[in-house]
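Sequence order for the protein chains is A and B. Throughout the first sequence, residue numbering follows this note's numbering, covering 1 to 246 in sequence. Throughout the second sequence, residue numbering follows this note's numbering, covering 247 to 498 in sequence.
Everything labelled a hint here was simulated from the structure, so no lab data went into it. Beta carbons: idealized from backbone N, C-alpha and C, even for Gly. Where hints are given, some of them may not hold.
Unchecked claim - Output of the computed footprint for chain B on chain A, the stretches with three or more beta carbons under 8 Å from beta carbons of chain B: (1) 68-80; (2) 197-204.
Unchecked claim - Counterexamples of contact, computed for chain A against chain B with all Cβ distances above 12 Å: (3) 4; (4) 24; (5) 55; (6) 112; (7) 136; (8) 154; (9) 178.
So you can see what is in the structure, the chains are spelled out below.
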Amino acid sequence: MSESILTARGVIAGYVPGLPIVHGVSLEVAPGEIVTIIGPNGAGKSTMLKALAGLLHIDAGVVIQEGKAIGNFPTHDLVAAGLAFVPQTGNVFASLTIHENLVVGGHTLRGRLKERLSDAYALFPDLVPKRNDRAGTLSGGQRQMLAIARSLMTAPKVIMLDEPTAGLAPKLVMQVFADLRRLAERGVAILMVEQNARAALRISDRGYVLTGGRNFAEGRAEDLLADETLATAFLGARTPARKKAS
Amino acid sequence: MLQVREIAKSFDSMKAVDGVDLAIERGTITGVIGPNGAGKSTLFALIAGALEPTRGEIIFEGETISGVSPDRIFRKGLARTFQIPRPFARMSVLDNAMLAALNQAGERFWNNWWNRGLVARQEAAIRERAIAQLGFCGLGDKLYEPAGNLSGGQQKLLELARILMNEPKLILLDEPAAGVNPALMETLVDKILTLRAQGVTFLIIEHDMDMVMHICDPVHVMAQGRLIFSGSPRDAQNDPAVLDAYLGDPPG
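Model the full assembly from the supplied sequences, consistent with the hints where possible.
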């Protein structure tokens, strides 16, 4: 793995002050790498991602991007620093056209809008014939494509995605993953949360397994796919403890 | 005690519950687990009468209850809690519990004129019962707090106290552990075990595997609207189909 572009150390965060959901999670992602966060319900995966994206307050811990501490930066500063976030739902403006969505995604750009638009269409040619359709008319897979394309308008170095394949048919899941792979090959660092653990790990370089708001395991994707760690994380330890651990 | 037969529920073309058979034995704590979107909460809503099944039948204590309204099912002794409790936030904890009692004489208009003694006596009795149930649920020192001031975990305990006002025989709990801190979790588990010892049967949807392993037996696993496993929690842990349901995409 080359040097990381985004590093989090001991991040504590949650929705309500004093009630953390994420209890000190560390992770990192390098340019050109796909890193997937997996774990059972309530593990804190999405919360961690939202904290990194500046949507939730980080109570403790550090987030470093390219040598600069960016934890708790306002979202627009994070975007300016090269971070993009694709939420799980509500990630396109349904009443705007595809083209308008992309333009809105690039509203912070000065002058380079045309260039970035043609780049987005080049990456997602399926969007071209639909450019004047309202985003609300798109299918689930196309909507996800548009959301990713929109996040690319600011030419981010790191893209964070919250369950990009949720609710998609298996064929479209593979399509979205293939799109992400292409982005990674261009040098973008990709950090995503996925429910579809095995399929996501298959196209990832590395993975982090969270349980109960903490790091449970991490490693190369193929190693995580091969061993018992995932079973333990999702279904509990094989010899159940008498009392609850957490 | 409860038989679910070939129950199914579709929303447009989406089959949320797709032909589930389930039998709940009296005195058990039965767990229902499964990945997100498996249809667990829809199954609960069908059993509790909040949704009408597309097909199938539900029998509780020998009576068909599918298609019966939720309040009538509640009167028969089948009560449920919700994943996210919604108490009357501005009313006190005590008032929240008291109004859960069924058949209050004061609900009848003329009783408040001609039977004031009865109304007052009954209200005093209900009050006492509510205080006892809230005490049992560990909320004895919160009686006069507005319910909206309670933490998420305490609101779940209040919900339990409310349904206990009517001495249910079967209690459906939807994710009792979600968002509850470890100390309150112990209280909740303790209450569930105490009630079970008193003869109450439980059906629990839960994601917290530690809790499921600790108190549930048997466990039913749902995935994509179907039942894919029934058995002991330990066997569920070692079942390849269960793991595939959670991790997606079988290996290979």
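Now for the hints, and whether the structure bears them out:
1. 68-80: violated (count 0)
2. 197-204: holds (count 4)
3. 4: Non-interface label on residue 4 of chain A holds, nearest chain B Cβ at 27 Å vs cutoff 12 Å.
4. 24: For residue 24 of chain A, whose nearest Cβ neighbour in chain B is about 16 Å away, the distance exceeds 12 Å, so it holds.
5. 55: holds, 19 Å
6. 112: holds, 39 Å
7. 136: At roughly 18 Å from the nearest Cβ of chain B, residue 136 of chain A sits farther out than 12 Å, so the non-interface label holds.
8. 154: holds, 31 Å
9. 178: holds, 15 Å
The structure does not agree with numbered hint 1 stated previously, though it agrees with all others.
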